[in-house]
Each structure stands twice: as structure tokens, then as C-alpha cells.
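Given these sequences and hints, build the entire structure.
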Amino acid sequence: MRRSWLWLLKNTLNRVTTRSARTGRGPFSLVRHVGRKSGKTYETPIIVARVPEGFIAELTYGEDVNWYRNIVAARGCELLVEGQWHQISAIEPYPSDAGRDAFGYPAKLVLQVLRRNEFRLLRTS
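Each step along the sequence shown adds one to the number in UniProt numbering, with nothing skipped, and position 42 is 42.
What the hints contain is simulated information worked out from the structure, not anything from laboratory work. Take the hints with a grain of salt, since some may be wrong.
[As the list claims (entries may be wrong)] Quick list of simulated restraints, FRET-style, between CB atoms:
| id | residue 1 | residue 2 | range |
| --- | --- | --- | --- |
| 1 | TYR42 | TYR105 | 26 to 34 Å |
| 2 | ARG22 | ARG50 | 14 to 22 Å |
| 3 | GLN112 | GLY39 | 38 to 46 Å |
| 4 | ASP97 | SER38 | 35 to 43 Å |
Positions of the beta carbon are idealized from the N, C-alpha and C atoms, including for glycine.
Below you can see the structure in the form of C-alpha cells.
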């Protein structure tokens, strides 16, 4: 079931949100990563919050999604936020409360209601 849901997102919603992220408008950013096995370059839309050290990503589908596994294996990636590319040099766990706070209101409230507590700091160079 989960695999089918992720396939559906990848082949429908992700195509629309990728276009939105490229324009620099809206909440979406693009993470550009290299496949662990294929060596192919991919771009995946995600939502991030800016913090002084870089950006906070909420792992909506957990650690087992390809984009996250790829950036951990590569120890970095590129991130397109508001039309500007940023080099990510490290990926680190981030405290749940601080992660929710980084997104501000009303996203913070939504993340609390949905009991989201998997956040990562995408540290910029």
C-alpha cells in the first residue's frame, strides 16, 4: 500500500510541485540528489524551513524514501529554495520541538496535530 502511494505521488503530484519549486513561488523547494545505485541525478520537491545553519526538512514519509537515503549516502546534495541553489554539506537529526518551531505558524500547528517528529537539518556550506 505504501509503495503504491509513493508511486502515485511521484507520478502525479511531484510533477506539479516540481514546476512550482522551479518558479521560486509557493512552499516547495527542490532537492537535487544522485541515485545510490544508478548514479542518475534526480530532483524531488520537498518543503523546508530556513534556519541560520541551513534548512530544516520534515521527513513526512520517514527515512526510507529514496531522496533522503541518497543524500545521506552522498553526504550532501543541492537544494533549490526560492529560485536559488544552495549546497548542502551535512545532514543531521534535529530536535522535534525546534523542527516544528522552524516552520512557524500555522504549519507548526499542523505538524503538531499530525504528530510529526522526524526533522533533519540540511546544513549549508
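Violated constraints from the hint list, given by number and in increasing order:
none
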